[in-house]
Amino acid sequence: MSKFKKGKGKESAPINTSALPDIVFMLLFFFMVATKMRDKEMMVKTQLPQATEVEKLEKKSRLYYIFCGPPLKPEVYGTTPRIQLDDAFATVDDIQQFITLQNSKKDEDEVKYMTTSLKADKTVKMGIITDIKQELRKVNALKLSYTAAKELRED
Amino acid sequence: MARKGRGIPEINAGSMADIAFLLLVFFLVTTTMDIPTGLQVALPPLTDVPPPDSKQKQREVLEVLVNSADQLLVEKEILTVDKLKDKTKRHLTNEGKDPTLSSTSTKAIVSLKNDRGTSYDMYVQVYNELTAAYNEVRDEYSMSRFGVEYGKLRKESEIEEVKKKYPKKLSEAEPVSIGKK
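Chains A and B supply the protein sequences, listed in that same order. Quick note on the numbering used here: the first sequence kicks off at 1 and runs consecutively. Quick note on the numbering used here: the second sequence kicks off at 1 and runs consecutively.
Do not take every clue at face value.
To be verified - Taking lysine to any residue and the SDA-like style, the derived pairs with C-alpha atoms no more than 20 Å apart in a straight line are:
no., chain 1, residue 1, chain 2, residue 2
1, A, Lys143, B, Lys168
2, A, Lys60, B, Thr32
3, B, Lys169, A, Lys73
4, A, Lys73, A, Lys112
5, A, Lys112, B, Thr32
6, A, Lys138, B, Thr32
7, A, Lys138, B, Ala42
8, A, Lys138, B, Ala173
No lab work stands behind these hints, which were simulated from the structure alone.
Please construct the entire structure, taking both the sequences and the accompanying hints into account.
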């Protein structure tokens, strides 16, 4: 009988990994539930302002997005704040058409619940924002939300 | 252990973890965590009819001006943003005590006017403070009247009563562009 038996005793037992898929699936489901799809590619920088009185927006399907801010690639597009609708740059004049087009895809009775979510960068001047608001009023899209990050009031 | 020839062979689940990881990574990359939040605003409808000459007495209107240098002027006096909420609350809950502020809460108006050069950040801050003032006076009234906060009221009639007591008359001036026709 060999005194130096190879393997036995020295080699630790293999780690049981049969529960690993379960753990990973659990993580997966957590992320599936807690997150939402990123569907727009950002062309402009939108560092949101902070506000304390923010409200959660209702259903995502009832939102139109308008982005406004300095372009992310200043070397290509310059630094003047631009408006982004969907995945492309736009001008103030395009907003009416954009909203009308989006409205036409919705049910008639859903249109009045549509909210426009304005995601604008902190540094943007009010001139452009006022122009956007005027355009929205022209197409009767009167529900607007200034997207802002939640901030707790300290007092 | 004699296995029966006919039994179903055991499925190798060793790669299950790999598949799950792949899915997990996919979801991590393509999704975002943030739930959109924002300040809700109801824009006034656009009409061609010019607004009727304001018969509101000067005292009912709290004038808030923001200039292009992000300075705040409330009722012709320079104020900082953190004092705006208290000032607005005093205006709304004045009930005729101070002759320069509103006579009753139902008539009180807040008028916000900003310059085209005002920064969006400043505008949101000011708007936030004004909204906060309205929310707080409504909360306080609701607390004293029904014992719960305004946001927690369930009965339509109670909500209406608070709204009627403190109507949100936050008017924004029609934008004027100086130097253009």
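Cross-check of the supplied hints:
1. A/Lys143 - B/Lys168: holds, 15 Å
2. A/Lys60 - B/Thr32: Holds. Lysine 60 of chain A to threonine 32 of chain B sits at ~13 Å (cutoff 20 Å).
3. B/Lys169 - A/Lys73: Violated, at about 41 Å.
4. A/Lys73 - A/Lys112: violated, 36 Å
5. A/Lys112 - B/Thr32: violated, 28 Å
6. A/Lys138 - B/Thr32: This hinted pair is violated, its Cα atoms lying about 33 Å apart.
7. A/Lys138 - B/Ala42: Between lysine 138 of chain A and alanine 42 of chain B the Cα gap is close to 14 Å, so the pair holds against 20 Å.
8. A/Lys138 - B/Ala173: The given pair, whose Cα atoms are some 16 Å apart, holds under the 20 Å limit.
Going through the hint list in order, the structure does not satisfy hints 3, 4, 5 and 6.
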